[in-house]
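Asker: Chain by chain, the residues:
Protein chains: 8
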Amino acid sequence: MTSESVQSLIDQLEAEAAMDRPVEATPEIGIIMGSDSDLDVMAGSESGRPGAFDVLTEELGFEEQTDYETAPEARFTFETFVVSAHRTPELMYTYAETAEDRGLDVIIAGAGGKSADLPNMTASIAYPLPVIGVPVQEKSLPSVIGMPQGAPIVAVDAGKSFNAALSAVQILARQHPELQERLLAYHEGLQQGVGEVSRDLHERGTPGFRDT
Amino acid sequence: MTSESVQSLIDQLEAEAAMDRPVEATPEIGIIMGSDSDLDVMAGSESGRPGAFDVLTEELGFEEQTDYETAPEARFTFETFVVSAHRTPELMYTYAETAEDRGLDVIIAGAGGKSADLPNMTASIAYPLPVIGVPVQEKSLPSVIGMPQGAPIVAVDAGKSFNAALSAVQILARQHPELQERLLAYHEGLQQGVGEVSRDLHERGTPGFRDT
Amino acid sequence: MTSESVQSLIDQLEAEAAMDRPVEATPEIGIIMGSDSDLDVMAGSESGRPGAFDVLTEELGFEEQTDYETAPEARFTFETFVVSAHRTPELMYTYAETAEDRGLDVIIAGAGGKSADLPNMTASIAYPLPVIGVPVQEKSLPSVIGMPQGAPIVAVDAGKSFNAALSAVQILARQHPELQERLLAYHEGLQQGVGEVSRDLHERGTPGFRDT
Amino acid sequence: MTSESVQSLIDQLEAEAAMDRPVEATPEIGIIMGSDSDLDVMAGSESGRPGAFDVLTEELGFEEQTDYETAPEARFTFETFVVSAHRTPELMYTYAETAEDRGLDVIIAGAGGKSADLPNMTASIAYPLPVIGVPVQEKSLPSVIGMPQGAPIVAVDAGKSFNAALSAVQILARQHPELQERLLAYHEGLQQGVGEVSRDLHERGTPGFRDT
Amino acid sequence: MTSESVQSLIDQLEAEAAMDRPVEATPEIGIIMGSDSDLDVMAGSESGRPGAFDVLTEELGFEEQTDYETAPEARFTFETFVVSAHRTPELMYTYAETAEDRGLDVIIAGAGGKSADLPNMTASIAYPLPVIGVPVQEKSLPSVIGMPQGAPIVAVDAGKSFNAALSAVQILARQHPELQERLLAYHEGLQQGVGEVSRDLHERGTPGFRDT
Amino acid sequence: MTSESVQSLIDQLEAEAAMDRPVEATPEIGIIMGSDSDLDVMAGSESGRPGAFDVLTEELGFEEQTDYETAPEARFTFETFVVSAHRTPELMYTYAETAEDRGLDVIIAGAGGKSADLPNMTASIAYPLPVIGVPVQEKSLPSVIGMPQGAPIVAVDAGKSFNAALSAVQILARQHPELQERLLAYHEGLQQGVGEVSRDLHERGTPGFRDT
Amino acid sequence: MTSESVQSLIDQLEAEAAMDRPVEATPEIGIIMGSDSDLDVMAGSESGRPGAFDVLTEELGFEEQTDYETAPEARFTFETFVVSAHRTPELMYTYAETAEDRGLDVIIAGAGGKSADLPNMTASIAYPLPVIGVPVQEKSLPSVIGMPQGAPIVAVDAGKSFNAALSAVQILARQHPELQERLLAYHEGLQQGVGEVSRDLHERGTPGFRDT
Amino acid sequence: MTSESVQSLIDQLEAEAAMDRPVEATPEIGIIMGSDSDLDVMAGSESGRPGAFDVLTEELGFEEQTDYETAPEARFTFETFVVSAHRTPELMYTYAETAEDRGLDVIIAGAGGKSADLPNMTASIAYPLPVIGVPVQEKSLPSVIGMPQGAPIVAVDAGKSFNAALSAVQILARQHPELQERLLAYHEGLQQGVGEVSRDLHERGTPGFRDT
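Protein chains in written order, with UniProt numbering: chain G, 1 to 212; chain A, 1 to 212; chain V, 1 to 212; chain S, 1 to 212; chain B, 1 to 212; chain P, 1 to 212; chain D, 1 to 212; chain H, 1 to 212.
Hints are supplied without guarantee of correctness; some may be wrong.
As the list claims (entries may be wrong) - When the alpha-carbon atoms are kept at most 25 Å apart in a straight line, the in silico DMTMM-like pairs for lysine to aspartate or glutamate are as follows:
(1) G/K139 <-> V/E138
(2) H/K139 <-> P/D40
(3) S/K139 <-> A/E138
(4) S/K139 <-> P/E138
(5) G/K139 <-> B/E138
(6) B/K139 <-> S/E138
(7) G/K139 <-> A/D40
(8) S/K139 <-> V/E138
(9) S/K139 <-> D/E138
(10) A/K139 <-> G/E138
(11) V/K139 <-> D/D67
(12) D/K139 <-> A/E138
Said to hold, decoys possible - Okay, the calculated bits of chain P under chain D, using three or more residues with CB under 8 Å as the criterion:
(13) 120-129
(14) 135-147
(15) 158-166
Rather than coming from a laboratory, the hints here were simulated on the basis of the structure. We put the beta carbon where it would ideally sit given N, CA and C, even for glycine.
Next up, chain G with everything else stripped away, as it sits in the complex (with noise of 0.2 Å):
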């Protein structure tokens, strides 16, 4: 009952993890989402919300891999899969269980609706293997978050792929003294950003503040 599209991927990516590339040709971060519709909450919205496709290559200089046998220039990479829980549980299965040996360290995944269950079934199959749940809606959380003892995920909030990449970010620091050096800086200019703003509101006051 696979279909052909879905048995291909599947197949590719046991091939990749029978591969054993080298870590630094594959990909560290693995982001996955149930529907090419929340597309713009997990990569980023073009006129919205910045989200982890953004502050990875903007922020911290990862590339996104697109063959996994050619690998971009930069050091640090990530990867982007549609994966459906309930229409491709099998595609599921698959790249939960094969993310480690394709040379994953982290898995980003994010569902909407009110049964987001490709977080937390991922978790389950890909664990030890940390994977950072994010809900795509507000009413995605409790089901994102709600795991039961012995079976961990870590989520952040509702819509922020952002803040689920940097938190990748910080797992991947703990190894990597360069990616501890990219998020420093990175937050020197969010806090630089906020003293500049709070300086200009103070001195020109509220009503000269909204004129510029």
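Start from chain G and add chains A, V, S, B, P, D and H according to the hints.
Answerer: Same frame as chain G, but now just chains A, V, S, B, P, D and H:
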């Protein structure tokens, strides 16, 4: 106090129940809703989310039967009525009571608001005919699903008449292998789409995928 | 990473699926739950609320089948398993995938917590076999019912495995008139009780009724 | 499919409706509830919160009428029935339809659970007789109060059959000045108690008040 | 601290209470609301949902009385005021305290926000005159309905001043058979519409119905 | 309709307001609650959580004044009354209206239930005297805090009369340096306790700490 | 890791705290918010709801002080800063710790999101200076108000910085009779408006009022 | 205003941070909680649900380090402190700021109540060290998880310090293969238990299983 238009529907339903028509000539599924303002949710919206009408006619080979005495060509059919629990309780009572005799195998009943009594009352009166309740709004869900012990109903998620129709056909498919086949064919198409979009996103990468 | 006890269950389920036993000798209903701590809700509590086991065995003439190869005397039977989505995903996968070949007609799947994934994942994998989800706790309801379009499940209210069993038999009754009869007989008894208590309360008056 | 005990109640209600008894001899208020397990909330609990029965008999001079043909001595009376919307829909229908002809002026209808349909359906069928809905549990409130436009019901807070009885008598008091007097007398007593406890607390001080 | 405009209203209400006008010349229903921004909900919106004003004037033959000393021609009338519990507590106090002496039989009181105190306070002060509370927003419902034991109010669903007006007339109709007639006539029209749309949808079928 | 006990309190409050007593001899803080059943929350429970009475008398050197004409020795005092918005609206009105003239600087008003009107109405009538609302139950919070624009109240968390008393004294401390000192002394004691328990837990370790 | 812009604000606040300026020359009220995106809620929106800035400057005679060393002409002033608990914790710490020495009498602190920590942390550090928390969004309310025993904060309703400013001035008015006068004058204007619109609606009637 | 006990802890933490101890001698995981009343949730309750202490010491071979200068024998250790965000903000600040220098790799921070600020503030100050937030109560979850963009935290479900410890070790296991082994061994035991109970329930049948 019953109005003329309602009384004539009641009389007609009772007449049809007495006709003893062959099962091939009667609708298998009865779709009822509390108001015609529920039609976009219950049938599917032309500009929005597809619904029960759409999946039955486009994916599963059903036709809508609009005249009880003249069946359409398709072997499997459904009918559609507006039945208001609070404004036309007598019509609701008659519809549910005559359902089995009119040849229905399963009823899909949708209602909105916080007092979504139509699915429950229909399930209580038509018992033991299976009734699938569709909460037309999120706030209708507790009222639809909260039946007491001994008074069974099954429900789908708010607004998902599409899935209610699939579930209704799953029930019918226990007896009709051709429906089993159609359900599988529909599902394979669904999977095929997920697999294609997943490969697309992965191989083009996030920005490339968006440019398509 | 699969433990021995789980692997032996998986092997057994697959062996049974290959046996091609006659439908009269296999269970019609499979009852699964995420943990044995769900048993009071899913089967019925000895000191509390009755459940699926109680209504099936006491009201509807079913027997529990505990050995796949040796059917009990009763024509209609059910079986019971613990299957954890998050702790034994492989067992869940196998149970759902072999369900139809093992002769099941409908699955009743219950799970507690906020991430009640077992009913949903089972429905996705066992599709198009009908699955009735039982949220073991009130907080499990959103997760159980919230399936996306194209991935059907039907659910009963939190904690009401009793009604789930009635609904399962309503589905079976479309093909088995003797079950239809049993459902009607059960219901008449239920009504009889309400009528008696109503007359009692009315005729004795509130204080008299309480003294009984 | 209607059980004998229910049918005999239906027959009796219809017979009473045809009797055309003088209004002085019939109950003014009908109290109905979905189950006898609602009695503590609807009548008042012996060990807990007082309810409709208590305020009517102890504060407002009503008596409970337990035999339609033999009125108690008191000028104002009420009657009590168990009527289940989901288990005895026909009884509910008949009770509501005959209410006005049986001489009732107002109905107090209580139901528990999330699908508390009894007050709503009774209000729809007994219309334009006023119906005061009592949600027996907090979770019953949305279902009781959420009626659509054109189908009126009024409701009190969850569990407060005591206040529902006061409201019912407020309606009756528009026509019966003696009830107006009783309502005022009850209220003065209530105020008197508050005034006394306030002075007590104030003058003894917090520790002194507690020692009483 | 009371402003001039408020004091002049207070003086006027007290003067009217002292006039002892015949009941035929005074409004039966008083409609009050916390702010003129509640008018669309309480009276009915020109472009949106109809409300109390609409059903009273268009369906039930009431007229709005705008001058206490000069009654309109219609036998049954209502009046409308803005009364703010939190900004004009004294006006609220006076309105409620003089209501019975000014000839009102029932008050419809609407308020928005989470602290919707106007209906409750009015019910407490005007007691035992019946007060129907209208929560102007969904979030106002708990505050309106949650009165303590001994302090009765009845409420309708959020935003449904339309139904509050029907309920008010149901109360008046206990004494006025002509209002009973009008309520029945309104209801028959409502039913007639449902019956017609149901037949239409059924006989044209879903696509045909939509084309109309 | 006002009962004798309430009227005598009203008369007394008005008499006290006319006395023009020196500020040193009048209570700074007025504590009112809707019912004496709120006393455990508002004053502090002997067996449970401490409250306003406890922190004022044990930590901040206040005494309870129980006779308006005879002040206790302590420079700072408070008084306590039961005032019901829904059962004694006139008493509430008078208490709030005379508060400033009776020498109060701040009122702590607590109420339970979903219609917790006492704090709001008191704040509206006593304005511009500061009123600190205490929701006696979690469900009272929305009603207490939800005041409209222009009608200020400040609130503490549900059940936390202890913190309300601290906040009241923070307001008084703007004028009274000795209260500022007492607040700091209380806080240092609080910190000292946290520091000690932290060291204890850390140095004994979890099992050792538990054995203490 | 502290950025330059933040460090310079910290240095400045500490320098100002050491200046020992006369109270007439320092702001009485400090308004802080977690982000400049909160400005519309905290100050008031030009096109929407008025806020703290509006009521302080337009109704109560305050001026915004934008330079600590050069006070505006008005006797009573406030200042405005952006301070982020999560992005600039050190700035928050310094602002709260220097508040009293910088001459502030009360702080109004607003934050959005579900983790609205700024008001709470500020109240904890600036203690015993009174802090009024403003939840910028409805979902920020629990986080703002839920402080543990011993750590006081007072809060206003979500989004109501307007009322927070009134409450702040109520606190200041205990010491400054001219502020008491301004609060009363503001309130009388508010009442005057309600009285006028009430008379208007009543005398023109609903349709006439709408035509205005 | 800092108490002596708190100041001595602050001094000690700063001294330890300056010691530059080898990573083998310092704790990998720091467990902090807002109050010692959180200990049952954060460590595990002797009579109730197991927690972080239990899984670390009993399943994963960790020891609790109670003296910074004297490491226990086990290679992997954790330490435990009480740190209150609202009562000891300075201690919280120091703990978070010195964490990395004191050799911690990950912090597990738990807090109860609706204003559960400890995990968030710790994550903000200790950044980029990973912090896993544990909401001690269900109502603490929104406050713990709701961090704004740019301020990352990851959270587990309410009360599940057990899973937080597993997640912390999943992070450590990226660098320490022996921890990866222990995580897998723990998991296999967990699965083994589920498989055994499932077979037991299935083969004995429901009543037989209960008799065990």
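Asker: So, for every hint listed, does it hold in this structure?
Answerer: A quick look at each hint next to the structure:
no., hint, verdict
1, G/K139 <-> V/E138, "15 Å, holds"
2, H/K139 <-> P/D40, "23 Å, holds"
3, S/K139 <-> A/E138, "15 Å, holds"
4, S/K139 <-> P/E138, "16 Å, holds"
5, G/K139 <-> B/E138, "19 Å, holds"
6, B/K139 <-> S/E138, "16 Å, holds"
7, G/K139 <-> A/D40, "23 Å, holds"
8, S/K139 <-> V/E138, "11 Å, holds"
9, S/K139 <-> D/E138, "23 Å, holds"
10, A/K139 <-> G/E138, "16 Å, holds"
11, V/K139 <-> D/D67, "53 Å, violated"
12, D/K139 <-> A/E138, "20 Å, holds"
13, 120-129, "holds (count 3)"
14, 135-147, "holds (count 4)"
15, 158-166, "holds (count 5)"
Violated hints amount to a single one, hint 11; each of the other numbered hints is respected by the structure.
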